[in-house]
Amino acid sequence: MPKRRTNSTATRSVQVSRRSFLSAASVAGYWSMPRRVRGQTSFDPASLEARRTAAWRRRPLILDDDGDLVYAEETNRGPAAFLALRMHDCRAAGVKSLAWCMMWGVARKRKAAARYWQTQQKGIPFQPNLPDPTPVITKFCHENEMEVCGSVRMNDCHDGYGLPFPKLIYPLKVAHPEMLIGAEGQRGAVTDGLAAAMWSGLDYAHPQVREDRLWWIENSARRYDLDGVDLNFFRMPWCFKLGEEEKNTPLMTEFIRQARRRLDTISRQRGRTILLGVRVPGTIETCRRIGFDIESWLREGLIDRLLTGGGYVCYSTPAEELVKLGHRFEVPVYPCINCPANYTLGGDNLRAAAANLWWAGADGIYLWNFQYIPAPGSRGYGRPAPEQYQRHLTEIGDPQRLKYLDKSFAVSQRVWEQYQRASAPAPLPVDLGRRVGDVTRVIPIRIGDDIPAAQRSGKLRDVVLRMQSAGSVQGDALAVKLGAAAAEITEIGSKNHCELALLPGAVVQGVNELKLEIARRGPAARQELAVERINIDVRYHPA
Numbered sequence: 064m065p066k067r068r069t070n071s072t073a074t075r076s077v078q079v080s081r082r083s084f085l086s087a088a089s090v091a092g093y094w095s096m097p098r099r100v101r102g103q104t105s106f107d108p109a110s111l112e113a114r115r116t117a118a119w120r121r122r123p124l125i126l127d128d129d130g131d132l133v134y135a136e137e138t139n140r141g142p143a144a145f146l147a148l149r150m151h152d153c154r155a156a157g158v159k160s161l162a163w164c165m166m167w168g169v170a171r172k173r174k175a176a177a178r179y180w181q182t183q184q185k186g187i188p189f190q191p192n193l194p195d196p197t198p199v200i201t202k203f204c205h206e207n208e209m210e211v212c213g214s215v216r217m218n219d220c221h222d223g224y225g226l227p228f229p230k231l232i233y234p235l236k237v238a239h240p241e242m243l244i245g246a247e248g249q250r251g252a253v254t255d256g257l258a259a260a261m262w263s264g265l266d267y268a269h270p271q272v273r274e275d276r277l278w279w280i281e282n283s284a285r286r287y288d289l290d291g292v293d294l295n296f297f298r299m300p301w302c303f304k305l306g307e308e309e310k311n312t313p314l315m316t317e318f319i320r321q322a323r324r325r326l327d328t329i330s331r332q333r334g335r336t337i338l339l340g341v342r343v344p345g346t347i348e349t350c351r352r353i354g355f356d357i358e359s360w361l362r363e364g365l366i367d368r369l370l371t372g373g374g375y376v377c378y379s380t381p382a383e384e385l386v387k388l389g390h391r392f393e394v395p396v397y398p399c400i401n402c403p404a405n406y407t408l409g410g411d412n413l414r415a416a417a418a419n420l421w422w423a424g425a426d427g428i429y430l431w432n433f434q435y436i437p438a439p440g441s442r443g444y445g446r447p448a449p450e451q452y453q454r455h456l457t458e459i460g461d462p463q464r465l466k467y468l469d470k471s472f473a474v475s476q477r478v479w480e481q482y483q484r485a486s487a488p489a490p491l492p493v494d495l496g497r498r499v500g501d502v503t504r505v506i507p508i509r510i511g512d513d514i515p516a517a518q519r520s521g522k523l524r525d526v527v528l529r530m531q532s533a534g535s536v537q538g539d540a541l542a543v544k545l546g547a548a549a550a551e552i553t554e555i556g557s558k559n560h561c562e563l564a565l566l567p568g569a570v571v572q573g574v575n576e577l578k579l580e581i582a583r584r585g586p587a588a589r590q591e592l593a594v595e596r597i598n599i600d601v602r603y604h605p606a
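Once you know that position 229 of the sequence shown is 292 in our numbering, the rest is easy, because the numbers rise by one and skip nothing.
Treat the hints loosely; a few may be bogus.
Claimed, not checked - Under the rule of at most 25 Å between Cα atoms (straight-line distance), these lysine-lysine pairs were calculated in the DSS-like manner:
1) 202 - 230
2) 466 - 387
3) 558 - 544
4) 202 - 236
5) 304 - 236
6) 236 - 310
7) 522 - 558
8) 522 - 466
9) 310 - 230
10) 558 - 578
11) 202 - 185
What the hints contain is simulated information worked out from the structure, not anything from laboratory work.
Using the sequences plus the hints, can you model the full thing?
Set out below in structure tokens:
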């Protein structure tokens, strides 16, 4: 059996022969996933071997679906109209793995609209023609050889912002406000910081909270014909009060053990494997910061697939860190791209983000909120045009097809505090001071493409550095140095923008160092000069 091909030099040191076998064994598709054969008595669908075979099924893309279009008016016409809103486009684009969000804290406003928890905990139908959307989704997926995992939001706090109701309505939160991370007096807007974001979250230090979440995991697997359950810990990325994460880390490890045991029991009862996935912060350090000992989860064989990061700082996240850790314990890893936050017209940024993740050794890419990209031809809320599905998903899901497509590699900007604390450091914006020589900044920028090789093959057209500054005046200039190349002076234009053509040989595949400092200031300069955006555009000759 040939060894599984790695995507990157970043993971070539990882032992992959056994993973290769499992991946190759599952390439045939969804129906090759482990199931009991009639008359077979020794098959254990919850065994580590069975779980790994299912986990290593090839899935270049995992497409998240928020499940919010169940509230669209079209669904009043029933399941067929509901599926036509998104699922037909997924099928046409060749999507083979769906993360279906089936538990969250917010819903779009509509008359008599039930919430997911009301349907699953109280048996209240969404509406007469679509009592429960999840069986409709699972049936469609399996009829079209698509894997479907139920995605459970482990601490959704949209309700803390009054979405969609001005007061909390989830029963446990209403009955036990002492089990919340914060208090109602901390309510605020999404831009008001960490306390306003966290206050309505459930505190996992309470046994009743952990049992409530375990009920969701078990109910999802028992009630629906799912291929797995994903625990989405990035919605939202906190489980404990600030400062209490470290002491409560063992509680979370035991929580994952219990989730594993419950899914194993259901797997054996059903005679087929049910995977356990987790979506966690994008680095080992940020996992620890919120109380997750991710290495123990992997070492104990508790999880089957690892979805990493919120995707907010995907350009600057060292995705290879958790890829290597997952592969060390034979678990596939799928770093996240938050699509609306990293989309520009033409999709150059999405392609660049995907190229970086493939370079990092990802087994596939987890796409968050793809349905909300501001692309031309949108058919309404959460409904990109069919050609957007087919263009972008087929490009970013295939490293070979992606190889010589234009890209715009970026440096991530800092995001809201509630997401930044669970994300890798974002280098931008960065201050350069007021005067020449005040400070030299070194900015890492990741480039997933092999630029020198593309130049040698005649595929490369050009490589251009673009920067957007703040506080600049006429006459300002920057000294710019990429890697081993000589420093160059570039003028900042009238719109705080500057461009510089780069030598292809100076750009390495992987992490590049961009050194910036003030070379000259104009006579009217009074403010500090800052760099807010950095892009390296890589353009290729048409095939």
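task = Provide an ascending list of the numbers of those earlier hints which the structure does not satisfy.
result = 1, 4, 7 and 9
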